[in-house]
Amino acid sequence: MADASAEVLRLADVHKSYGDGVRTEVLHGIDLVLRKGEFAALIGPSGSGKSTLLNLIGLLDRPSGGKVFIEGRDTGGLDDAALTRLRGMRIGFVFQYHYLIPAFTALENVMMPMLVARGRPDAAMRARAASLLDRVGLAPQQDNKANALSGGQQQRVAIARALAMAPTLVLADEPTGNLDTHAADSVFALLREVNVASHTTFLIVTHDPRLAARCDRIIELVDGTIVADRPNEARR
Amino acid sequence: MTRFVPFEWIAAVRFLRDGRMQSVLIIVGVGIGVAVIVFMSALLSGLQANLIRRTLSAQAHIVVLPPEDVARPLFDPARAVPTVQKQAQRLRSIDQWQKVRERLARLPGITAISPVAAGPAFAVRGDANKSITLIGIVPEHYVRVIALDDKLVAGRLRVGAGEAVIGTELARDLGATVGDKLRVVAGSGATDTLTITGLFDLGNKGVNERNVYVGLKSAQSLLDLVGGVSSLDLAVSDIYAAETLAEAIAGETGLKAESWIRTNAQFFTALSSQRISSNVIRFFVGLSVAFGIASVLVVSVVQRAKEIGILRAMGASRGQIMRVFLLQGGIVGLLGSLLGSSLGWLFLALWRSLAKNPDGTPLFMITVEPGLFALAAGGASAVGILAALVPARRAARLDPVVAIRG
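Going down the list, the protein sequences come from chains A and B. Just remember that our numbering sits 105 ahead of the position in the first sequence, which is counted from 1. Just remember that our numbering sits 662 ahead of the position in the second sequence, which is counted from 1.
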């Protein structure tokens, strides 16, 4: 399914360390390439650096060493504002605790990335948000306030929101970690469906081996180093 | 979500509506502060305007007088230490007062000039004998300095030959009224019999007892000031600038110029200190309003850290986040000031209906200027935005990674 020609993400010898006096290195020279349409799982024990890596890929944080390329573009030289813009346009986030903004309705939450990017709401924005909500099966709930939705519904809204700007890369941090098995299955199915339909690249951080087993590629991170990166033969 | 409204407005309004209880409480808090300021300002300016009006009703803003007589020793002061006795001041005319008047008329800020010939005299009627100040005026000029015509309680302001307008107290003391005769004896011995044409009440017992207005010519001949005037009474456009103007006049003409501020120095000091103390109170009320807004927004930034992080992850810039919180401060200030202005207006209406003289007339007039409300609204919005600066910067600087991880 992966398109070998289009590189969505490239990490080149990425290091990340924290602390001023005593520096603790969390990531030790990560090299990673994600191509268009890939559906990859990032697994590893707690404290292995998964979230740190995800933050670097999502341009929420800067590496201490090495380079992060998004669609071939080196992000090292970009200032904060440019990084924020690039993140808004090209990357979608789905978090474990969905984090919708409770002051807004489901539809407005989905509109939010477009609103932030364009400054003012318009009819096209509303129409796109409505069609995305329809796609995740929540058209009837579009005017509900975010906290009037169930956990599974909220995560679906979060997925619709992540897709609002038609990003090339969606980063999902334990997207089903907070859901019961049934809701988790349907949310995962939805991610897969979007991946197939629009060739959006997904990188999914998960603890759940069942979930990882349903991805095309499994990247395993242990103690800040990629110890395994293999196609999921079970699915081939 | 209304179309064409910017993201920052939408988010600011929603955040305020979402934290309804907090928002209502702080808006009420701001409102009370603004109400206190509006009420106090209106009350104070009403009170001061009233006091000044009463003080100036019987007094010119500036009185220009001839320079004082100074005794000049005839021997050489270098060879002897003289003891010079101060000279008694006689009633003198302003030298070439018509020319002085022309020069004063060219000065900016002077709205009216009235020549006055005034001096001491006695009013005699039957056995009664009262000490008075005889004031010769040209009515059409004088009323533009002191609104004597508005203060008449009987008769008319007519001071032709043999006519006089006197105060209500003097009329009572002499048992005279409009149409009665009155004999005036000046210090020089000159005497005249005048017919009372009007009674005035200038709101000041001393003035009502003492002042007798006659025509300029009558006064000149009675006071032995033929052709001359003892003072030029002025009205100015800015009463608070009267002292500066008086100094300028003194410098320009070499005459003595006394402003109402100088003649009522203690009263004026009282007014100033009242104004200063009210400004201090207003400043601190404003400060506590600002701290109230700031503290609520600081709490809101902490509460919404995750949402701010999410918005940042979605591509919201630091500037956008900052503006969302600045706007919240501004909106709280504006709504608070609207509430406060209405409350202030209500207090004033209540005060008006309660604070009355025994006869039912208001204690003093309070005029509420619409400008005061506009100022309160603008000021409170600005204070709100300023108060929001610290929390807004804090929100804008939140590291999205830290904020989302919580």
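Treat the hints as calculated values from the structure; they're not laboratory data. Here the structure is a predicted model, which means the values were calculated and not measured. Every residue gets a Cβ at the ideal spot worked out from N, C-alpha and C, and that includes glycine. Check each hint, because a few of them may be wrong.
To be clear about the criterion: a stretch of chain B counts as covered by chain A if any three or more of its residues have a C-beta under 8 Å from a C-beta of chain A, and this derived list gives those stretches [as the list claims (entries may be wrong)]:
#1 865–874
#2 975–986
#3 1059–1066
So the derived list for chain B, only partly shown, Cβ under 10 Å to chain A, looks like this [unchecked claim]:
#4 F666
#5 F669
#6 R676
#7 V786
#8 D789
#9 A790
#10 D842
#11 A956
#12 V960
#13 V964
#14 R966
#15 K968
#16 P1024
Using 20 Å as the maximum straight-line C-alpha spacing, the simulated DMTMM-like pairs for lysine to aspartate or glutamate come out as follows [what the hints assert, rightly or not]:
#17 K141(A) - D321(A)
#18 K968(B) - D166(A)
#19 K250(A) - E831(B)
#20 K918(B) - D680(B)
#21 K879(B) - D863(B)
#22 K918(B) - D731(B)
#23 K792(B) - E831(B)
#24 K172(A) - E112(A)
#25 K968(B) - E279(A)
- Query: Under the criterion that the straight-line Cα-Cα distance not exceed 20 Å, is the pair K141(A), D321(A) satisfied?
  - Reply: Holds, because 13 Å separates the two Cα atoms, which is no more than 20 Å.
- Would the pair K879(B) and D863(B) pass a check requiring their Cα atoms to be no farther apart than 20 Å? It is violated: about 24 Å lies between the C-alpha atoms, which goes past 20 Å.
- Hint check: is the beta carbon of A956(B) less than 10 Å from a beta carbon of chain A? 21 Å, violated
- Message: Given the hinted pair K792(B) and E831(B), is their Cα-Cα distance within 20 Å?
- Response: Distance ~11 Å between K792(B) and E831(B) Cα, so the pair holds.
- Holds or violated: is the Cβ of V964(B) closer than 10 Å to a Cβ in chain A? 16 Å, violated
- Hey, does the V960(B) contact hint survive, CB to chain A under 10 Å? 18 Å, violated
- Message: Less than 10 Å between beta-carbons is the criterion; does V786(B) satisfy it with respect to chain A?
- Response: 88 Å, violated
- Report holds or violated for the interface hint on K968(B), using the least CB-CB distance to chain A and a cut-off of 10 Å. 6 Å, holds
- Going by Cβ atoms only, is F666(B) closer than 10 Å to chain A? Status holds, d = 5 Å.
- Would you mind confirming whether the straight-line C-alpha gap from K918(B) to D680(B) stays at or under 20 Å? 69 Å, violated
- Query: Does P1024(B) pass the interface hint, meaning its C-beta sits closer than 10 Å to a C-beta of chain A?
  - Reply: At about 49 Å, which exceeds the 10 Å cut-off, the nearest Cβ of chain A leaves the hint on P1024(B) violated.
- Given as covered by chain A, does the segment 1059–1066 of chain B meet the bar of three residues or more with CB within less than 8 Å? holds (count 3)
Figure legend: structure checked against the earlier numbered hints; hints not met, in rising order: 1, 7, 8, 9, 10, 11, 12, 13, 16, 19, 20, 21.
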